[in-house]
Amino acid sequence: MSLALLRRGGVYVFLSVATFLSVFPFYWMAVGSTNQSPDIVRGKLGFGSNLLVNFQHLMTQVDLPRVFGNSFLIAVVSTVLTLVISSLAGYGFEMFRSRIRERIFQLLLLLLSIPFAALMVPLFVMISRAQLNNTFTAVILPGIASIFIVFYFRQATKAFPRELRDAARVDGLKEWQIFLFVYMPTMRSTYAAATIIIFMNAWNNYLWPLIVLQTPDNKTITLVISTLTAAYTPDYGVILLATVLATAPTLVIFFVLQRQFVQGMLGAVK
Amino acid sequence: MAQTRLDRSEQINGWAFVMPALVLLGLFMIYPIIWSLWMSFQVGRGANFSFGGLANIQRLANDALLIKALTNTTIFFFIQVPIMIVLALLLAVALNDPTLKFRGLFRTALFLPCVTSLIAYSSLFKSMFSTDGIINQALLTLHVIGSPIPWLTDPFWSRVVIITAITWRWTGYNMIFYLAALQNVDKSIYEAARIDGIPAWARFTRITIPMLKPVILFTTILSTIGTLQLFDEVNNITQGGPGNATLTLSMYIYNLTFRMMPSFGYSATVSWVIVVIVAILSFIQFMIARDRRRAT
Amino acid sequence: MTSLSLKGVRKSYGNLPVIKGVDLTVESREFVVFVGPSGCGKSTLLRMIAGLESITAGDLEIGGKRMNDVDPSKRGIAMVFQSYALYPHMTVRENMGFALRFAGKPKDEIARQVNEAARILELGPLLDRLPAQLSGGQRQRVAIGRAIVRHPDVFLFDEPLSNLDAELRVHMRIELARLHRELQATIIYVTHDQVEAMTLADKIVVLREGEVAQVGTPLQLYDDPDNLFVAGFIGSPKMNFLAGEVVEAGAGSATVALVNHGGARLAKPLSGPLPETGDAVTIGIRPEHFGEAGASTDLSLAVDVAEHLGSTTFVYANAGGERLIIEREERHMGDSDTIAVSIPVEAALLFDAAGKRLR
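Chains as they are written, first to last, in our numbering: chain A, 3 to 272; chain B, 494 to 789; chain C, 136 to 494.
By construction, these hints were calculated from the structure, which means they are not laboratory data. As the structure is a computational prediction, the values presented were derived from the model and not from experiment. The reader is advised that the hints may include incorrect statements.
As the list claims (entries may be wrong) - Heads up, simulated DSS-like pairs for lysine-lysine below, C-alpha to C-alpha not over 27 Å straight-line:
#, chain 1, residue 1, chain 2, residue 2
1, A, LYS160, B, LYS561
2, B, LYS680, B, LYS706
3, B, LYS680, C, LYS209
As the list claims (entries may be wrong) - Quick partial rundown of chain A residues pointing at chain B, CB under 8 Å, derived from the structure:
#, residue
4, VAL55
5, SER100
6, PRO117
7, THR249
8, PHE256
9, VAL258
Think of the CB as a built atom: it goes at the ideal place given N, C-alpha and C, for glycine as much as any other residue.
Let's have the full structure, built from the sequences with the hints guiding it.
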């Protein structure tokens, strides 16, 4: 019996260590935002009194409201457009079956494995030719037809009761009305989970905005952090403060909507 | 069979719903990838390019940096992915116990890293792994090492930093997938195994893991694609250095396109290298899974 | 084969008692069925015997040895689960042989045992299939086969037929009875279905809210229930219960007035303690035991519905708000008729206000 106890204890130790390692960087982030850069680099563990100074430095180096606004705008627009276009497609693939469209869907699944690195060059050339450099349009547009989200909605639609659609048809609704007034309200939790995924992705996006956005006024918060980090002598107090600010929205969303967050990820698997 | 009005309406609607997405995908995915294929046969700099036949492919063979990037990516792949998957599996199994206290707390904490943006946590790690930074201090205090490790200035250690960072960021993500799969398992299978006298380690290796094979495969493929696309972390923590020790394929393509004199044709060629590698690896992984099932 | 006994066995989850003191003996080669409504604790009791749940107090003995703290795999038991619990990634052959491999048995021995079990259960052609390729009944048999190869002292079955359709259930019931005879096995079987209990058991243990309501052979429980609960649980359709009041008690008999049926009275001879005059009692009478009117205790009822099943007719009737089911052989009973029956004294059972049987 003591072997079982030992094993139990081992499990708790294992999980506790893993938890500590997972959470420590967040503590570090919070602490660092209140300290001076040299202290951070030397590994100071406690809170300091430099928060305001860091904040001031950050504000002078970066137009913070502007940058936040940029990130927010891009994230929100991306989310809305992606939801609309991808849910329409997911619904369409599942509700109106045909041989050809099944084949197309399978092709789409294959396309999922194409790495972004393979696309970024031609996409860049395309937007340059269209003279869309440095615009938000160029940042948002390529991402709104997300195969992953289409797939996610198709899976979720499998659980949508056909009888609802049939009843609506009998009631005289046209297909787009059924989608708008019957499907969308019923699938609220799916939309919620998808919103979280898309918003997070758009907010945290780095490589493509890096390629597209050139002027400081247009940069997003992730680009700003990257620039600050790449400086010859990085000011870590400022950087970590910026990191806290950048991570805060997603943390809030995570804690408030934890269940949907996880559900969103799992829904994609099955 | 004559088409009824309902059939026609189905068809029209079917296409109408999926058209917007398909058009966009065609424009932003299919067209670029085909263009990329065409471009990979072009040589020249910037806007001046002309057909070069297989010149780019020949260039591939002699490209030392490419070899470096490939090697690095391979190292990352073979070391990081297995560590992460095993860790995630163990954590998921540990968390699957309904009698465990603080279960929700553990799960939340372990998943927290996944909420951070890649840039944010890259900056974090860069600040933690400086030569007189917190990590070195902790290790010194615990007497694990005798002198500080030059994390970011030594080729070997910089790779370790990258691998550690990626593992920290993504283990929780994979863990959630495994946890969900485990919770779909009929508990009485484990009870039957207990009654049959199967010891705990064997329950894990002979029952849990085989039953989780589909989801393990899924996450392995996701991790593979992720590792091959590695960019954000290496760009921000180590800038591909020191001495290109952490240069990845994606970073190389980016450099070719945006940092050096842009050679779009060659960039496209290297991009296609990644596509081919991903395709081959996915295929292999798929075949392994299928064969194991047949052999059982 | 071995016998099993439970002595004063209790289980509580924290402060919540779920098993409140069970004493039971299972003889060697007996087919014992634990039956009762949902939540009565029958599955919990079975799992305590298996070692999957702990025993808070009392003793479990198998073959004379105390097994409370012994690991499940070392108790000499094998269990068949409601969901079959087959290893989905192994073939039938591997499923059945898995435990033996871990016991370190040599390969040819394992093959021999597996083939023998397959023969008994007619699983021969299915040995190389995966569970996903089998029907429910076939999976059930594989689960049983997995138990057989371990040659346990006691077989434990946890509602094994619940997931099968009605026709298959009947078929498997017969199979299980046959297995019991062929293997000469000691079996403890849990079910909520009293038909399964009646048909399979040598001995039935009726459980209610963590306690034993009665133990006996099927017919004992049917003919001679100890309490109202057992009387109402065993038998389908249910026994009829009529409200009564004692008008006279003495000299080895009690006369009861049927509250909802005008002046009808029943005089029941009792050998045990007598009730008091004025006590409320319940009269139990099974649907098939009603006699023709004109005997001692006559009732006149209005027919609600008559169900004609072909060989029998069930008449649902009522009087004074009390609903009764009468089983008849006639076919020409219409709705909204009246029906007159009588209650034969020998077939009537008397229960006191607490539900205890008055004999």
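message = Which constraints among the numbered hints does this structure fail? Numbers only, ascending.
response = 1, 4 and 9
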